[in-house]
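Visitor: Sequence:
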Amino acid sequence: MMQLTHKNVHNYFKINGYHLNGDELSNAAYSYIKEGDSNEQAIGEFLLDWLDQKEYIEIKTSGTTGLPKLVRLQKQSMIQSALATGDFFDLKPGDKALLCLPVKFIAGKMMLVRSLILGLDLAITEPSTTPLAFNKSTYDFVAMVPLQVQNSVKDLKKVKKLIVGGAKMSTVLEEKLLHLKTAVYETYGMTETITHIAARRIGEKVFTVLPNIKISKDDRGCLVIDIPAISKEPIITNDLIELIREKQFTFLGRIDNVINSGGVKLIPEQIEAKLIGKINSRFFVIGIPDAFLGEKLILVIEGEKQVFPSDFFHNLDKYEKPKEIVFIPKFKENENGKLLRKPSLL
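In my numbering, the protein residues as written are 313 to 658.
Honestly, the hints are just simulated from the structure, not real lab data.
Quantities reported herein were computed from a predicted structural model and do not represent experimental measurements.
Careful, some of the hints might be misleading.
Said to hold, decoys possible - Below 20 Å or equal to it, Euclidean Cα-Cα: the simulated SDA-like pairs (lysine to any residue) are: (1) K529 x E554; (2) K387 x L363; (3) K608 x E581; (4) K642 x S656; (5) K480 x I514.
Unchecked claim - The calculated label-pair distances, taken between Cβ atoms and stated as ranges, are: (6) N627 x K488: 18 to 24 Å; (7) T494 x I556: 24 to 30 Å; (8) S350 x K644: 22 to 28 Å; (9) K529 x A445: 41 to 47 Å; (10) L651 x L382: 22 to 28 Å; (11) N572 x K644: 22 to 28 Å; (12) I640 x K346: 42 to 48 Å; (13) L651 x K526: 28 to 34 Å.
Where a beta carbon is used, it is the ideal one built from N, C-alpha and C, also for glycine.
Please model the complete structure; the sequences and the hints are all you need to start from.
Guide: Quick look at the structure:
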């Protein structure tokens, strides 16, 4: 069987309703660059990069596994990622997909690659917080970030399978989605793994990894990902996990967020989960230097000062209760929209 390459364009592939082969795709890319808006120009530039002679794509990481940096992703690895996604989510040639994410990031790029390789009928809409609001079409497969999902709950009847990534989905949002017919999955991944390597159906806690991926834990308790098709070396993350079985894990939190308060190790994400739904504004918990405890746990809330009743933290364990509450007018975010905890305090 002939191996797929980045020069292969699936016979079923469509973009905005039009069949395009390699040459036609190049012409469309030039049109996007010359006549399109900023997102269409990014699409055109990526398509030309994808179809050129190089075996790799250069992309800036989001900083999930460290400081943001420029990495080279092999096109063949991106193809393997697309095939694994197609297998995991049972995507078939001719399935209708929607691209509503910015193509300057890996998630948007991979929606294009999946469509080219799997033969999806891809519609493109300008990225916005309400991508389905004025859209009457229905789709078999869509990828969104949580904010887009939050603003699209009433319109998700137009989507059969939805994957959500880029940031953690709140339990409040997840509860809103449980009654829908749409199959919604939260994904786990990063630029270095070429988007998601695992997904969990909402309502479940366990992530299941995609085909041809192996996972383990290092001596810190952090996830180690082995993807021979993408990386010769295992990818070591800073994500604390509980390994359920060979192909499944639960996410506990980031090791670099862990707070050591008086010798007690606290995982902020687990404390925050207990407070979701009780605080109307965005918030996070973090450790700050303390002469007595080493680090003391504080609660940081976005917006104006609020007053909470004395029993407000009754569902938290003794050591999980904040020693102080800090109010900040506006949290800082990176260009992907991910909350920056420590910089928000500065």
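Visitor: Hint by hint, note whether the structure agrees.
Guide: Against the structure, the hints:
1. Between K529 and E554 the alpha-carbon distance is near 8 Å, which keeps this suggested pair within the 20 Å criterion.
2. Restraint check for K387 and L363: the C-alpha separation of about 10 Å stays at or below 20 Å, so the hint holds.
3. At most 20 Å may separate the alpha-carbon atoms for a hinted pair to count; K608 and E581 meet this at roughly 16 Å.
4. Between the alpha carbons of K642 and S656 the distance comes to roughly 8 Å, so the proposed pair stays at or under 20 Å and holds.
5. Simply put, K480 and I514 have alpha-carbon atoms about 12 Å apart, close enough for the 20 Å limit, and the pair holds.
6. For N627 paired with K488, a C-beta distance near 21 Å keeps the hint of 18 to 24 Å intact.
7. In this structure the hint that T494 and I556 lie 24 to 30 Å apart at CB holds, the actual value being about 25 Å.
8. Distance hint check for S350 and K644: the Cβ-Cβ separation is about 23 Å, which falls inside the suggested range of 22 to 28 Å.
9. Checking the proposed 41 to 47 Å range against K529 and A445 shows it holds: the Cβ atoms sit about 42 Å from each other.
10. A C-beta distance of roughly 23 Å is found between L651 and L382, which places it inside the suggested range of 22 to 28 Å.
11. Restraint check, N572 to K644: a C-beta distance of roughly 24 Å satisfies the suggested window 22 to 28 Å.
12. A hinted range of 42 to 48 Å for the beta carbons of I640 and K346 is consistent with their spacing of about 43 Å.
13. L651 and K526 have their C-beta atoms about 31 Å apart, which keeps the hinted 28 to 34 Å range intact.
Violated hints for the displayed structure: none, as all numbered hints are satisfied.
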